[in-house]
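Visitor: So you can see what is in the structure, the chains are spelled out below.
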Amino acid sequence: MKRFWKSGDPFIWLTGGALALSVIMVAGLVMLVLWNGLGFFWPSPIVRLTLTDGTELMGQVTQREKIPQPGAPPGIPDRYRIQVKVGNRDLYGADFVWVDDAKIARRGLPAEAVLFERSEWGNLYGTISAVREGDRQVAEGPVDGWKALQTYLPAATATLNEIRRIEKKEIGAINHAQEKIRLRMKKLTLQGQEGSPEASRLQQELETWKAQFGEKEARLADLRRQSQYTVVVSAAGGKEKELRLAQIVRAYRPNTMGPLAKTGFYLSKVWEFVAGEPRESNTEGGVFPAIFGTVMMVMIMSLVVTPLGVLAAFYLREYAKQGTFVSTVRIAVNNLAGVPSIVFGVFGVGFFIYLVGGSIDRFFYPESLPTPTYGTGGILWASLTLALLTVPVVIVATEEGLAAIPGGMREASLALGATKFETTWRVVLPAVMPSILTGLILAMARAAGEVAPLMITGVVKLAPALPIDSYMPFLHLERKFMHLGFHIYDVGFQSPNVDAARPMVYTTALLLLLVVLVLNLTAVLIRNKLRRKYAYSVF
Amino acid sequence: MAAQAEMAIESQEKPASVRDSKGDGVGRVAILRDGGTQGRTGEARTSMEPMIEIRKLTLRYGEKLALQDISLDIPKHQVTAFIGPSGCGKSTLLRCLNRLNDLVDGVTISGTIRIGGIDINDPNLEITELRKRIGMVFQKSNPFPKTIYDNVAYGPRIQGVRSRSALEEVVERSLRDAALWDEVHDRLHQSALGLSGGQQQRLCIARAIAVEPEILLMDEPCSALDPIATAKIEELMADLKKQYTIVIVTHNMQQAARVSDYTAFLYLGQLVEYDLTRQLFVKPAKKQTEDYITGRFG
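Heads up: the protein sequence lines correspond to chains A and B, in order.
The opening position of the first sequence corresponds to residue 2 in our numbering, with each subsequent residue numbered one higher.
The opening position of the second sequence corresponds to residue 62 in our numbering, with each subsequent residue numbered one higher.
Bound-form chain A, shown alone:
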């Protein structure tokens, strides 16, 4: 036994086992997220269930589970129930129902069943009974109705997009301009120049904008009147619903789709998810603003944390006289990495938002007070808070890299007549670059996954605008933003419709993993390129 232990074999098994366990856990997590996340967009068939009591249900089966039977004698067969997404929230209230397998009398997959994704009220399941234009009947029955729908829907969608564009772009621009004028006027008032010619000129300008706004409003009303087509849908259970075509985001019949059509549909849904805006309090639509916010926040954080951490590490390792004080500082920095992130968040609120942001508002934006500009959560403050949170990681990695550079390299440079600064700049910095990037990779991974400090420093459930847009100064660092990590929390735990939102949690988690992966891979590739160039590193 003793010889067996001494041979080292058990140790190899122990180390291998530890690694295997870690790999299994990580792989399991990724698999779970992949399985639940990727299946969400696949169009599952619409089933029509007739229950033993005669009621009819129509919807998509989302899951099946065993009914627990505590205390039942052995031998009794297991009973199951299924969860059906029946939609039609406006008609029957609940989006999901549980049905015992035993109570189902008949199942069918009706070809004429249509799924309408609406811009409001979630999905509508049913069969088309008629298509109307105003009061005039255009088509009747499921078959003709579907054909008519295909004819009129593209035009209705185009009109809808036009309305959206006007609302967002043109009216947005008008609002922006008006807001600017209003602020300028307020500034003049603060300076005591209400009656100045400047003020009356601004007033005039404001009037022109108001007139323009009226024109746009009229145009919008016009467009809205254009789309007068409606579809009458009869839902399972007998109720009917008249739906305006402009409300339909997507209408499809999953029971008639072949594998190819389903794949195409799947890809279009994935694209909508990645590139689209959220709908229905984030449970539908896309998460593009959250992706954008996450990436942008990580970028700003990297821009801040890299120079800060690298400079601090250089001072600690290259210039400071090594002693008790420096050791204390080093320990303190390392411990900073263990401080709960919410504490950093609180610091961010107190220092960045109230103190720094508040001062900026008082000095540069007094006209918009009491509405804060920088004195409230925003992407800049969130990024700075995260930079503070991750700076120890960069310092430690850079310091390790500096310590691993052979002293001979510095001496060689000095012996050639270089000053200490030249040596640091031309020899030490390039050599330590891979370590700096390693630190940055760790910092980015940490920052992208952090949620708690963001919740109080600028992340919101739904941001009205991205931090970058076409209005001066294009980059709006004071704006609130959306974040994938917070999106997961919000959709998963704050949603009014938890069952509908759960798949979104997995897909969003998957996306967050992908974003972190892409950010890290970029940094790793740059690092490897540098390493090949210098072929020298510790990590």
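Since the hints were derived computationally from the structure, they do not count as laboratory data.
Ideal Cβ placement from N, Cα and C applies to all residues, glycine included.
Mixed in with the good hints, there may be bad ones.
Calculated Cβ distances over 10 Å to all of chain B for the following chain A residues [what the hints assert, rightly or not]:
{"no.": "1", "residue": "N335"}
{"no.": "2", "residue": "Y375"}
{"no.": "3", "residue": "L417"}
{"no.": "4", "residue": "D470"}
Partner residues aside, some chain A positions facing chain B, computed with beta carbon under 10 Å [stated by the list, open to error]:
{"no.": "5", "residue": "P198"}
{"no.": "6", "residue": "R202"}
{"no.": "7", "residue": "L203"}
{"no.": "8", "residue": "Q323"}
{"no.": "9", "residue": "A404"}
{"no.": "10", "residue": "I406"}
{"no.": "11", "residue": "L415"}
{"no.": "12", "residue": "A416"}
{"no.": "13", "residue": "T420"}
With the hints as your guide, set chain B onto chain A.
Guide: Okay, now just chain B, sitting in the frame of chain A:
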């Protein structure tokens, strides 16, 4: 045979007005050498002038005495070797010459070192200017993690050479002088860390001579190399001494005997004997030296 050391001490105890007069220096060296050779051989030593004059050099690391009262003259355009057992202070002495010891915490130095008549410990002296005149090659080859070209061009660039053609010329000349050009001319823009150990060391020599120093300090340059690479570097030193004053620290007594013109034997921080190499190895003046070079030491 104690005469040499005594004479040396005597000579440095002359009034310290040595720096102004070159002739005085030559005279002193002549005396010193006479003390060492004492008419045994008819060396032609008229052209010898000291490049480096070390006087009463004492160096402490904190409390520890590393060099004690060292005085010697190192002649121009000759190879001078420092030999001695590990820890005897020969590397420390070498690093005093370009003031690399300044980087070590707690070092105190007394005595004077003059290079070309200039006191190198003068606080007004620009240390980088001094180091530009003194190239150094280290025990462990330490090319920068840059391309071969950038390694050699590093020194000239530090000195402010920007013109591409000038840099290319310097790189080629230095690599040729370091007998490395033929091996690397087709891969100048690859990483220097891809070279073999011997090539790396020659690259370090090329890097050191690229700034055209007057003196080349070599700190056990061959200790990590195989005999073939060592032979190449020794050959190189014979060529280089035409242009540079070379000071080499070595553990290898055969190497000292092969490459150097003068040899200094240090033991426990003291200069035991300093003489023409051929003299020191054939007929050492001190018992300690004889014991060391014959391997009966300790």
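Visitor: Each of the hints needs a verdict: does it hold here or not?
Guide: A quick look at each hint next to the structure:
1. N335: 24 Å, holds
2. Y375: Given a closest Cβ separation of 43 Å, the condition holds.
3. L417: 4 Å, violated
4. D470: 43 Å, holds
5. P198: 58 Å, violated
6. R202: 56 Å, violated
7. L203: 56 Å, violated
8. Q323: Status holds, d = 8 Å.
9. A404: Hint on A404(A): violated, closest Cβ of chain B at ~16 Å, above 10 Å.
10. I406: Constraint on I406(A) satisfied, holds at 9 Å.
11. L415: With Cβ-Cβ at 7 Å, under 10 Å, it holds.
12. A416: Given a least distance of 4 Å, the restraint on A416(A) holds.
13. T420: Check passed: Cβ of T420(A) comes within 6 Å of chain B, closer than 10 Å.
Consistency note: the structure conflicts with the earlier hints numbered 3, 5, 6, 7, 9.
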